[in-house]
Amino acid sequence: MSDKIADQISLFRAQITNRKFDDETLRILDSVLVAKDVRSLLQVRSQLKEFLRCESLRIIREIVEKAVDHKLLIIDFLVRAFALSGDVESCLALRYEALVMREMKSSSNPWLHVSYGEWFTFAEHCLDNRFYSIAIKASEKALTCIQMKTEIQPPTNDHIEKEQVIEKIKRLNSVAVISDASQSVQAQAAAYLKKKILGHKRKISPICKEKTLSASSLFRSGIRKRNRRKLQEHCSLLKSPATQC
Numbered sequence: 001m002s003d004k005i006a007d008q009i010s011l012f013r014a015q016i017t018n019r020k021f022d023d024e025t026l027r028i029l030d031s032v033l034v035a036k037d038v039r040s041l042l043q044v045r046s047q048l049k050e051f052l053r054c055e056s057l058r059i060i061r062e063i064v065e066k067a068v069d070h071k072l073l074i075i076d077f078l079v080r081a082f083a084l085s086g087d088v089e090s091c092l093a094l095r096y097e098a099l100v101m102r103e104m105k106s107s108s109n110p111w112l113h114v115s116y117g118e119w120f121t122f123a124e125h126c127l128d129n130r131f132y133s134i135a136i137k138a139s140e141k142a143l144t145c146i147q148m149k150t151e152i153q154p155p156t157n158d159h160i161e162k163e164q165v166i167e168k169i170k171r172l173n174s175v176a177v178i179s180d181a182s183q184s185v186q187a188q189a190a191a192y193l194k195k196k197i198l199g200h201k202r203k204i205s206p207i208c209k210e211k212t213l214s215a216s217s218l219f220r221s222g223i224r225k226r227n228r229r230k231l232q233e234h235c236s237l238l239k240s241p242a243t244q245c
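Just so you know, the sequence shown maps onto residues 1 to 245 in UniProt numbering.
Keep in mind that the hints are not guaranteed to be accurate.
[Stated by the list, open to error] Pair ranges (Cβ atoms, derived): (1) S2 to N109: 43 to 49 Å; (2) A67 to V177: 43 to 49 Å; (3) S107 to H159: 25 to 31 Å; (4) K20 to E50: 18 to 24 Å; (5) N129 to I63: 37 to 43 Å; (6) E140 to I60: 40 to 46 Å; (7) K170 to R27: 15 to 21 Å; (8) F51 to H113: 32 to 38 Å; (9) Y192 to T121: 35 to 41 Å; (10) L198 to D76: 43 to 49 Å; (11) P110 to E62: 26 to 32 Å; (12) S107 to A6: 45 to 51 Å; (13) S182 to E50: 38 to 44 Å.
In short, the hints are calculated from the structure, not lab data. Glycine residues also receive a C-beta, built at the ideal position from the N, C-alpha and C atoms.
Please put together the full structure from these sequences, using the hints given.
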C-alpha cells in the first residue's frame, strides 16, 4: 500500500470520527479505492469495511434521539459509503432500515411515504445479491402499496397498467420465494452431509482402534508363544547332556 493511499485512509477515518457526513468525505473514500493492483485494493476494501461497520453501529446509537429527517440523512450517507466500499450486505441492510423507518413515520409525515416503486427496486437489488428473504419482504411491501393506492408512480389511471405492475411484483416475489426455499434446502443438505460424515468418522475411529488393538494383541501373543517355544527348546538342550552322562 502506497503512502498516499495510507494518508487518504487516515484522512477518511478522521472525517468519520469527527462525524463529517458530507460529499467531501465520500470523495476522499472514493479516492482511496483506486489501488492499481488487485491485492492492494482488496486489502484496502477489507480495512474500510471493518472500520465502517464498527463506526456505523456507534453512529446509529448516537442518532437514536435525533429527528427522523436527520437520521435519514446520516443513514443515506452510510448507505453511499458502504456502496463505495463494496459492502453490499451493509448497504442493503441500511437501505431496508431507512425504508421501514420512513414507512413507520409516514402517517404523521406524508412526505416520508414509501412508494411501491421504491420497494420494488429494493426487492430487485436484494434478489440480484441473493438476499432472498429480504427480497420477499420488500416485494410484499410493494404489492401492499400498489394494491392500497389507486395511483401508480408515475401517476396513471390505466387499470391495465396497474395489473401488469402487480403481476411483475408477484413474479419477483415468486422467484424470491423459490430461491429462498432452494437455498434453505441446499443449506440443510450440506448440514446433513456434514453431520453424516462426522458420524461416519466417529464410527470408523473406534473400529480402527479396536482393529489396531486386536492386531497389537495378536502380535504380542505371537511373541510370547515364540519365546515360550524357544525357552522349551533351550531347556531341552540343557537336559540332553545330563541324560547322556
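To see whether the hints hold, each was checked on the structure:
Checked against the hint of 43 to 49 Å, the C-beta distance between S2 and N109 comes to roughly 47 Å, which is consistent with it. Remark: the range hint 43 to 49 Å for A67 to V177 is contradicted by a beta-carbon distance near 37 Å. For S107 and H159, the Cβ-Cβ distance of about 27 Å falls inside the hinted range of 25 to 31 Å, so the restraint holds. Separation of K20 from E50 is about 20 Å and conforms to the stated range, judged on CB atoms against 18 to 24 Å.
Our hint of 37 to 43 Å for N129 and I63 is violated, since their Cβ atoms are close to 26 Å apart. Under the hint 40 to 46 Å, the C-beta atoms of E140 and I60, about 25 Å apart, miss the expected range. Taking 15 to 21 Å as the suggested C-beta distance range, the pair K170 and R27 does not conform, at roughly 41 Å. As the Cβ distance of F51 to H113 is approximately 34 Å, the hint placing it in 32 to 38 Å holds.
In this structure, Y192 and T121 meet the distance hint of 35 to 41 Å, their C-beta atoms being roughly 37 Å apart. Here the CB-CB span from L198 to D76 is close to 46 Å, well matched to the stated 43 to 49 Å. Taking 26 to 32 Å as the suggested C-beta distance range, the pair P110 and E62 conforms, at roughly 28 Å. A beta carbon spacing of about 49 Å between S107 and A6 agrees with the range 45 to 51 Å that was offered as a hint.
The supplied range of 38 to 44 Å is broken by S182 and E50, whose beta-carbon atoms lie about 31 Å from each other.
Figure legend: structure checked against the earlier numbered hints; hints not met, in rising order: 2, 5, 6, 7 and 13.
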